[in-house]
Amino acid sequence: MPEYESFVSLDVWTMLFAWGNIIILFLFLKKFLYKPLMNIIETRQKQIKDMYDEAEKEKSSAKDMHVEYEEKLAKASAQGDEIIKNAVQRAHRQEEIIVKEANETAAKTIKRAEEQVELERKKALNQLKNEVSGMAVDIASAVIKKNLTKEDNTRIVDQFIGQLGEQK
Amino acid sequence: MNGPKILWTIPILGGIKITQTTLTSWIATGLIMVVVWLLTRNLSVDHPNKKQVILEKLVGMLDNMVESTMGKHNMRFAPYICALFLSSIFGTLLGMTNILRSSTADLSTTAAWALATLALSWFGGIKNKGFFGWLKSFTEPIAFITPINIVSEIANPISMSFRHFGNIAGGLVLTSLIYSALATLSAFLLQWIPLKLINTIPIFQLGIPAFLSIYFDLFSGFVQALVFTMLTMVYVGGAFPPKDELLQ
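Chains as they are written, first to last, in the numbering used here: chain A, 341 to 508; chain B, 1280 to 1527.
It is worth saying that the hints were derived from the structure and are not from the lab. Check each hint, because a few of them may be wrong.
Cut-off 25 Å, straight-line C-alpha distance, at most; resulting in silico cross-link-like pairs (PhoX-like, lysine-lysine) [claimed, not checked]: (1) 397/A to 412/A; (2) 1329/B to 389/A; (3) 370/A to 1406/B; (4) 386/A to 1296/B; (5) 386/A to 1329/B; (6) 370/A to 1336/B; (7) 1329/B to 370/A; (8) 386/A to 397/A; (9) 1408/B to 1351/B; (10) 370/A to 1522/B; (11) 1408/B to 389/A; (12) 371/A to 1351/B; (13) 1336/B to 1351/B; (14) 1336/B to 375/A; (15) 389/A to 1284/B; (16) 370/A to 386/A; (17) 370/A to 1296/B; (18) 415/A to 399/A; (19) 1408/B to 386/A; (20) 1330/B to 371/A; (21) 440/A to 425/A; (22) 1329/B to 375/A; (23) 1336/B to 386/A; (24) 375/A to 1351/B; (25) 1296/B to 1284/B; (26) 1336/B to 371/A; (27) 1329/B to 371/A; (28) 375/A to 1330/B; (29) 370/A to 1284/B; (30) 1351/B to 1522/B.
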């Protein structure tokens, strides 16, 4: 014959077991449910925070880099302008020098050419003089060789003199 | 109507009675532990699987409840509230197996829990106000209502434990009444069939009690678990006010 508690009853042992069970379950849940789960959630939150921090850092560094690059770009552009300006200036200077040199050279060349011409003229004149004197000697010898008549002689001399006059 | 059956009596300390209630309570506790152990395996920070997401959601819901009722400074009570809630739910629902008897259909269980709540709130009061400060708090706001305060203090655990016990035990009684009523109805309708084999089939007992059980055991079980834990949170939370309120 099984024994029963009465329907509404307080049994000390049942209550003690109920307390024991609830305390055991509380400790179990604290250790095996809450602790690991809270760890996970905290770790996740930390990870998310870290990610945000990192992203923020990356963002600011990217901004810094952007500014830096822009500065560099501006500098490079300015530098380029400078270089071009310098090059142009140098080219101008060089051009001037070249032109000056060319002018000088040309002037020198012209001068030299004139001198040469003068020299040639002088030379030619001297040669002519020599030739003329030679020719005079030739004529003279020719005249001498030939049996000159009086008229011939006169004619030749006249002719010669006339030639000289024509030449002057 | 009987109370819980006494299964064994361990013959020490004047006879330790192991009743159906205690057995159900053990099984419920063990079952919760196994379920929690299964659910908390392979927890992952960045790649939670489905069961982990659900677990986090459920624990988060309970945590929110504890936080909104007791405050952020009392979050250390969350595992106790969780243990209480799960013990109540599992203890009640195990009764639906019809093999075990609901542990909450025994006043001993609910009274033990209610006394634990009372002890926690007294502990909180004594810890925060000092023993005499706590005693003095019964005379507030005016000394005249001290007896009323004392009565209400004693009435709280009684009402809590009887409410929970009464609802579940009531469901139990109602279910067995319906079973016997339906058995009688079946026997009455089938008595004209001369075959002994057929007219003992309890046709009405199939299905109909299940629907009633959804209300009286399942729904009522959830509601009572919720009410009990809510009241516990309110009483214990009231005894552990936030630090900045203590200074005033």
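Outcome of the hint check:
| no. | hint | in the structure |
| --- | --- | --- |
| 1 | 397/A to 412/A | holds (22 Å) |
| 2 | 1329/B to 389/A | holds (24 Å) |
| 3 | 370/A to 1406/B | holds (23 Å) |
| 4 | 386/A to 1296/B | violated (51 Å) |
| 5 | 386/A to 1329/B | holds (22 Å) |
| 6 | 370/A to 1336/B | holds (17 Å) |
| 7 | 1329/B to 370/A | holds (22 Å) |
| 8 | 386/A to 397/A | holds (16 Å) |
| 9 | 1408/B to 1351/B | holds (20 Å) |
| 10 | 370/A to 1522/B | holds (24 Å) |
| 11 | 1408/B to 389/A | violated (40 Å) |
| 12 | 371/A to 1351/B | holds (20 Å) |
| 13 | 1336/B to 1351/B | holds (18 Å) |
| 14 | 1336/B to 375/A | holds (15 Å) |
| 15 | 389/A to 1284/B | violated (57 Å) |
| 16 | 370/A to 386/A | holds (22 Å) |
| 17 | 370/A to 1296/B | violated (29 Å) |
| 18 | 415/A to 399/A | holds (24 Å) |
| 19 | 1408/B to 386/A | violated (37 Å) |
| 20 | 1330/B to 371/A | holds (19 Å) |
| 21 | 440/A to 425/A | holds (22 Å) |
| 22 | 1329/B to 375/A | holds (20 Å) |
| 23 | 1336/B to 386/A | holds (19 Å) |
| 24 | 375/A to 1351/B | holds (17 Å) |
| 25 | 1296/B to 1284/B | holds (10 Å) |
| 26 | 1336/B to 371/A | holds (18 Å) |
| 27 | 1329/B to 371/A | holds (22 Å) |
| 28 | 375/A to 1330/B | holds (17 Å) |
| 29 | 370/A to 1284/B | violated (33 Å) |
| 30 | 1351/B to 1522/B | holds (11 Å) |
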